[in-house]
Amino acid sequence: AQKVTQAQTEISVVEKEDVTLDCVYETRDTTYYLFWYKQPPSGELVFLIRRNSFDEQNEISGRYSWNFQKSTSSFNFTITASQVVDSAVYFCAPGGQTGANNLFFGTGTRLTVIP
Amino acid sequence: DTGVSQDPRHKITKRGQNVTFRCDPISEHNRLYWYRQTLGQGPEFLTYFQNEAQLEKSRLLSDRFSAERPKGSFSTLEIQRTEQGDSAMYLCASSLQGNFQPQHFGDGTRLSIL
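If you're matching them up, the sequences are chains B and G in order.
If you count the first sequence from 1, position 43 lands on 43 in the working numbering, and the numbers rise without skipping.
If you count the second sequence from 1, position 50 lands on 165 in the working numbering, and the numbers rise without skipping.
Don't take every hint at face value.
Below, a list of computed lysine-lysine pairs in the DSBU-like style, where the Cα atoms sit at most 30 Å apart [said to hold, decoys possible]:
(1) B/K38 with G/K172
(2) B/K16 with B/K38
(3) G/K129 with G/K172
(4) G/K186 with G/K172
(5) B/K3 with B/K38
(6) B/K3 with G/K186
(7) B/K16 with G/K129
(8) B/K38 with B/K70
(9) G/K126 with G/K172
Looking from chain G toward chain B, a few residues come up when the C-beta cut is under 7 Å (computed) [stated by the list, open to error]:
(10) T117
(11) G157
(12) F160
(13) G213
(14) F215
(15) P217
(16) F220
(17) D222
Honestly, the hints are just simulated from the structure, not real lab data.
Don't be surprised by glycine CBs; every beta carbon is placed ideally from N, CA and C.
Could you build the full structure based on these sequences and the hints that come with them?
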């Protein structure tokens with residue numbers, strides 16, 4: 001079964017600081033997908049990114065960037081120049097076994113951006 | 116483009132009662148998922164449908180839980196003889212067909228058992 005560890009339970013940063021959220025996963029699959037979701041105080045889970053295990057290129061989308069290191073089973077997420085609206089719980093979620101299509105969520109990291 | 120819609124937003128019921136939740140997925144999505152989220156935890160997978168076929172069920176889905184998607188559009192999740200431990204947020208998501216297409220979530224139904 002898949003497993004994910006987000007060791008940082010809560011992080012607080014001051015607005016405009018950069019912050020990195022760590023994600024370490026375990027999987028027996030040779031090919032797999034990884035996801036990040038954001039859950040703001042309103043509660044709705046918002047899809048941020050999907051990455052497959054074939055592609056180890058880092059990805060940047062605006063202030064967001066992701067660092068995928070297959071060798072260390074990590075898929076870290078960096079927010080540059082954080083804003084108050086970034087305050088949320090962030091979940092890293094590996095996909096389940098191929099064919100199952102379900103996601104395995106960890107306990108998430110609660111990010112608070114202080115103005 | 117409407118997103119995933121769940122109804123009701125909040126349900127309060129007494130222990131032992133039956134409850135039913137509804138989920139309307141994004142119209143072009145043929146996959147539909149149910150998750151449960153308790154306070155301080157991430158969502159836990161319950162079950163998923165491709166069209167009207169229920170293809171996967173978690174062992175979290177006890178005999179008291181049943182999900183249907185009769186015409187491949189909306190889905191219902193019923194919990195019979197509710198227990199205190201059923202108190203949670205029930206989340207529905209939908210996606211396009213294909214390997215691990217991004218799942219888009221609704222606002223959830225919060226179930227409170229008195």
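Results of checking the hints against the structure:
no. : hint               : in the structure
1   : B/K38 with G/K172  : holds (25 Å)
2   : B/K16 with B/K38   : holds (19 Å)
3   : G/K129 with G/K172 : holds (26 Å)
4   : G/K186 with G/K172 : holds (19 Å)
5   : B/K3 with B/K38    : holds (19 Å)
6   : B/K3 with G/K186   : violated (34 Å)
7   : B/K16 with G/K129  : violated (47 Å)
8   : B/K38 with B/K70   : holds (22 Å)
9   : G/K126 with G/K172 : holds (24 Å)
10  : T117               : violated (13 Å)
11  : G157               : holds (3 Å)
12  : F160               : holds (4 Å)
13  : G213               : violated (9 Å)
14  : F215               : holds (4 Å)
15  : P217               : holds (5 Å)
16  : F220               : holds (4 Å)
17  : D222               : holds (5 Å)
Violated hints for the displayed structure, listed by number in ascending order: 6, 7, 10 and 13.
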